[in-house]
Amino acid sequence: MNNRVTSERTRLAVAGARSGAVSLDRQPTGEIVRGRIFWALLLLAICIALLGLALVLVDAILDGRQRFGLDLFTQKSSSFLPESAGFQNAILGTLWVIGGVILFCVPIGVGAAIYLEEYAAKERWWSRLIEVNIQNLAAVPSIVYGILGLAFFVRGPFGLGRVALAGSLTLALLVLPTVIIAGREAIRAVPPSIREGSLALGATQWQTIWHQVLPAAVPGVVTGVILAVSRAIGETAPLLLVGAATFVTYNPSGPMSGYTVLPVQIFNYFTRPQDEFFALAAAGVLVMLVVLLAMNSFAIWLRNRYEQKW
Amino acid sequence: MSTGDGVPGPGDTPGLAIHTEVPKHEHIGSKETVFELKDLSVFYGDTPAVRNVSMDIFKNDITALIGPSGCGKSTLIRCLNRMNDLIPTAKVTGQLLYHGEDLYGGNVDPVQVRKLIGMVFQKPNPFPKSIYDNIAFGPRTLGMQGDMDDIVEKALRDAALWDEVKDRLHSNAYGMSGGQQQRLCIARCIAVQPDVILMDEPCSALDPISTGKIEDLMLDLKERYSIVIVTHNMQQAARVSDRTAFLIVELTADEKDRWGEIVEYDETEKIFTNPSDERTEAYISGRFG
Chain A
1 MNNRVTSERT RLAVAGARSG AVSLDRQPTG EIVRGRIFWA LLLLAICIAL
51 LGLALVLVDA ILDGRQRFGL DLFTQKSSSF LPESAGFQNA ILGTLWVIGG
101 VILFCVPIGV GAAIYLEEYA AKERWWSRLI EVNIQNLAAV PSIVYGILGL
151 AFFVRGPFGL GRVALAGSLT LALLVLPTVI IAGREAIRAV PPSIREGSLA
201 LGATQWQTIW HQVLPAAVPG VVTGVILAVS RAIGETAPLL LVGAATFVTY
251 NPSGPMSGYT VLPVQIFNYF TRPQDEFFAL AAAGVLVMLV VLLAMNSFAI
301 WLRNRYEQKW
Chain B
1 MSTGDGVPGP GDTPGLAIHT EVPKHEHIGS KETVFELKDL SVFYGDTPAV
51 RNVSMDIFKN DITALIGPSG CGKSTLIRCL NRMNDLIPTA KVTGQLLYHG
101 EDLYGGNVDP VQVRKLIGMV FQKPNPFPKS IYDNIAFGPR TLGMQGDMDD
151 IVEKALRDAA LWDEVKDRLH SNAYGMSGGQ QQRLCIARCI AVQPDVILMD
201 EPCSALDPIS TGKIEDLMLD LKERYSIVIV THNMQQAARV SDRTAFLIVE
251 LTADEKDRWG EIVEYDETEK IFTNPSDERT EAYISGRFG
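Residue numbers (the working numbering), protein chains in the order written: chain A, 1 to 310; chain B, 1 to 289.
Chain A extracted, bound-state conformation:
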């Protein structure tokens, strides 16, 4: 009896499979036209996006190519010698500021991400409130952080003055939401089965996080940090408020030194009337583009190199 049931089922299954593959003809023409239009619209969108980027790049290359050279990295800034002025002090200022940003935002950002992913009771209302707020903070205009930094770090309770450290703290606050969000995504991408495997061996929750979850999340965290730092490097507005606007011609000596940064220096040169300064500013834009391109490439390489396929 069982055999008969099985053969009947087989017959039905075969018939079903055949009926699905009857028509191999071309679709009606209307469908093909709609498909083409859809494809063309998508192509247009990507072209417009790329065109904007290409214009910025071509413009900067045309204006800055005769001034682009190694002396940009070896000469300090000057307000009256555009032919020999460079960006050395601004580049060093950027390095000091960004070093501080990394120092502050990585431990705090990753710590917050771990707490939110591994410890916080996710279904509670206050967890959701925190989550929405972090996403909101990531979208707050950077000038607002500049005002906060001016009131809080430069003056006010910290009273650091117009020093690189104040810039670091301000930018660290600015990119912190981005780092937290990237960190959470990287931690969430570690499958629960890894945590279960570790806990089932008698490891505690913190041993599990420290020895299994975090190492597996590192590539994602680092990628997120690099992208956040790339954003911080390009930030100008908040730094104008917290001290980088001062025209300095000396190299910063440390976190408590007066400073300027690359984008602010570019802005500064652009505001001068002489054509030579304009060319110098355009060459500075190229320097920035090279730095950003290098950092983003490194982030992509890192992601591909250490990405864990589960």
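Please keep in mind that the hints were generated in silico from the structure rather than gathered at the bench. What you are looking at is a predicted structure, and each value in this text was computed from that prediction instead of being measured. Hints may contain errors.
What the hints assert, rightly or not - Calculated cross-link-like contacts (lysine-lysine; reagent style BS3-like; alpha-carbon spacing at most 30 Å):
#1 A:K309 / B:K129
#2 A:K309 / B:K166
#3 A:K122 / B:K91
#4 B:K38 / B:K91
#5 A:K309 / B:K213
#6 B:K123 / A:K122
#7 B:K59 / B:K154
#8 B:K59 / B:K270
#9 B:K256 / A:K122
#10 A:K309 / B:K123
Assemble the complex: chain A is given as a structure, and chain B must be docked to it using the hints.
This is chain B only, laid out in the frame that chain A set:
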């Protein structure tokens, strides 16, 4: 639906061991108990997942939990080493004794429980590290004494994996086949010298040859460990286990709630040749589930 006559109540449980007279187990009356489940129920929120399970699990036995999907087999096995604690809404009622001690007692640390009661999961879950580090993580974390190379080699030998991997101990565990990964997880588990090994459908993601290897391994391991296995595969339960519990899905009249209940728990041979409950017979002969 009522639970039926074949369900052993809490009072019958010790008797079960004596009723069954399979010659293979004449010493069964003296078998040491590892787990005693008394009216154990598990809820997720207010929804029951398994209800009123009473059974004794014996030392150096392979105890199989079988039943259709949704009958709470996995939920039940996850109670035994308190993995259910990871789900915030999970709630356990009734009593679960481990060597006479209440596993859900107020002073019990789930981390200590899991040191003694290891677990192997449905999908092989090696850590994204080398084969060596996969094994060494547990002993290192628990601060076990001894030469780590020896501990790793012994665990891999016990899991019948040593000869296949001894030349690539420091390569990533994700380069192994699925069956090897699962045996690595078993090796990882026995490296911390547990008392009990829980296996939650350990072969469901594996091909028949790998499954056969793991079954052979289980038969070796039961000399030293007590094993509880959840399986979808009835032939597997029949092949490896000493005792089998059959669970079934019960529904409320309005079909809103469903939960698992134990129908029959007995010597595997009896369950598969002469079950006392007709639902067991219907299930093992393939008429439902």
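These are the hints, each one checked on the structure:
1. A:K309 / B:K129: holds (12 Å)
2. A:K309 / B:K166: Since the Cα atoms of A:K309 and B:K166 sit roughly 24 Å apart, the hinted pair holds (cutoff 30 Å).
3. A:K122 / B:K91: OK: A:K122 and B:K91 at ~18 Å, within 30 Å.
4. B:K38 / B:K91: Cα-Cα ~15 Å, so holds.
5. A:K309 / B:K213: holds (26 Å)
6. B:K123 / A:K122: holds (26 Å)
7. B:K59 / B:K154: With a Cα-Cα distance of about 23 Å, the restraint between B:K59 and B:K154 holds, given a limit of 30 Å.
8. B:K59 / B:K270: Since the Cα atoms of B:K59 and B:K270 sit roughly 19 Å apart, the hinted pair holds (cutoff 30 Å).
9. B:K256 / A:K122: holds (27 Å)
10. A:K309 / B:K123: Roughly 15 Å separates the two Cα atoms, so the pair holds.
The structure is consistent with each of the numbered hints, conforming to all of them.
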